[in-house]
Amino acid sequence: MMTLPMAKGMEPIEGGPCSDADTVREVLGGDPDAFARIVGVYHSRVFGFLKQMTRHRQDAEDLTQQTFLKAFENLSRLDVSRPLIHWLLAIARNNALNHFRAAKPHEPVPDHLPASELSPAQSAEARDAQADLWEKARALLPARQFEILWLRYGEDLSVKETAQVVGLTQTHVKILVFRARHTLLKAIP
Amino acid sequence: MKTQEPKTAGILCRLYRAWIAATGTAASGHGAQCPDCRAYLLAHGTLENALRRAALEIPRETPAFLESRILRTLKDPQPKPVFPWRVLLSAGAAAALLAIVVVRGGNTVVAPPAMVLAQTAPPQTQDARAHRVLRATAEALMDADPLQTEADALLADARDGIRFLQNRFRGLPQDTHSSHR
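Here the protein sequences line up with chains A and B, keeping their order.
Heads up: take any position in the first sequence, counting from 1, add 948, and you land on the numbering used here.
Heads up: take any position in the second sequence, counting from 1, add 43, and you land on the numbering used here.
In short, the hints are calculated from the structure, not lab data.
From the three backbone atoms N, C-alpha and C, an ideal C-beta is built for every residue, glycine too.
Certain hints may be false.
[Said to hold, decoys possible] Among the chain A residues that face chain B by a calculated CB cut under 8 Å, a handful are:
id : residue
1  : G988
2  : V989
3  : H991
4  : S992
5  : F1016
6  : F1048
7  : G1102
8  : D1104
The following block holds chain B by itself, in its conformation from the complex:
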């Protein structure tokens, strides 16, 4: 099967073989005239046949239980590892919160004294005050009778209106509380 690369293979032989390699078809011109190239192509054909025969002779035994194993896997697929988006989001949120705390805390600590003095109140104090107000409001709303709350709001609006008219028209009576109650 072995064929020697002709020592005298010229440029035409090399081009011819490169053409065959790229196209897979033997051109007729040079191949018909060059015995080396003819022998070379014949050896390729012989090798192709030998490879096919050898492949057929390889025993293609299959494990006895492979088919049932595959089918069992298809019926009971292993759970896919789910990408932990929830864990990732929670971790991201925690990291963002931590970053805010660190940054705000860092500003408070490292801020120059002039900046700290310029603030009317430190952020913690403002937040705490706002929190207290909100909480008191919420508690008051939860405790109050809704109808009473609505009536008080209407009464307050009426007082505001009367005050406005008093300011605009001086001739109206001054005591509004007694007249309405």
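Excised from the complex, chain A in its bound form:
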């Protein structure tokens, strides 16, 4: 199992002194390895976000691939003053929305990890934890509120960052988060 720490905001690419903005400039300057570094750092987080949105492992993999392909093709449009991960999450979110529009809803497929990667006890523990609060939130909340709640607390984005990713005003995000919490508080014993 590869577990990466949750990145937050504009952070330096691991393994080097360069920031995201420097790495993006290197990619635009024609360095073929620079984008590989971006993929290496952020693919796990983008995949995790998309898996929360789709609840489907294969779809999340495909959408992650599409996200980085789109990011690579449109990198020249990136405002380097903004954190790269927010841009990637915004692309991933749009991909997921397009995916939901195009595809029929389906039952989530459980993850099948090799036994060597996760022990049965770890797996059960992890599933219990996952099935607890966030599963209830998913069941109780409208998709939009769940998405924003996940960005806010699951991805640990600020209100402003969440608003940038979903394209809403900060006040709108605050209200949706508050409503989501209110719904959960009423329902969770």
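Place chain B on chain A using the hints.
This is chain B only, laid out in the frame that chain A set:
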């Protein structure tokens, strides 16, 4: 964690909570005095922490080959489906040509007899005649010697000039062909 919405929540409590929802900040006035609202805000804070903890406990495993798969796609991108402008333009041109043919043919067929008679020749005949003339001209130009063609043109111009002078000045000799040849 569960907190009951106070049954006696008055308008002040509702306004206070709406304010918090919109601004994200707890105003001090009402919150300090109302125990229900204090408990309500405390429950929100507890839930926020619980959500963050629960999110951290979710295993964030990533498929082993996802990174290499993404990089492979970036190195060998699938060709984008190109919008078939050429096909569209060709189809448009064909459609326009067909429309012209249909319209012209339709006019010929449905035109009243008086209109058809008023025409000196049907369009097809005029076109065919023009086509024949153009083709004959082109063939003549291709077959002719360019120098000879130029000399003939100069000679014709000279004859036209002499005819003009003959008409204006009656005293000049009448036979121009023999004198120049």
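Right, here's what the structure says about each hint:
1. G988: holds (6 Å)
2. V989: violated (10 Å)
3. H991: OK, holds: H991/A within 8 Å of chain B, min 5 Å.
4. S992: Cβ of S992/A sits 4 Å from chain B, so the hint holds.
5. F1016: holds (5 Å)
6. F1048: violated (21 Å)
7. G1102: Constraint on G1102/A satisfied, holds at 4 Å.
8. D1104: holds (7 Å)
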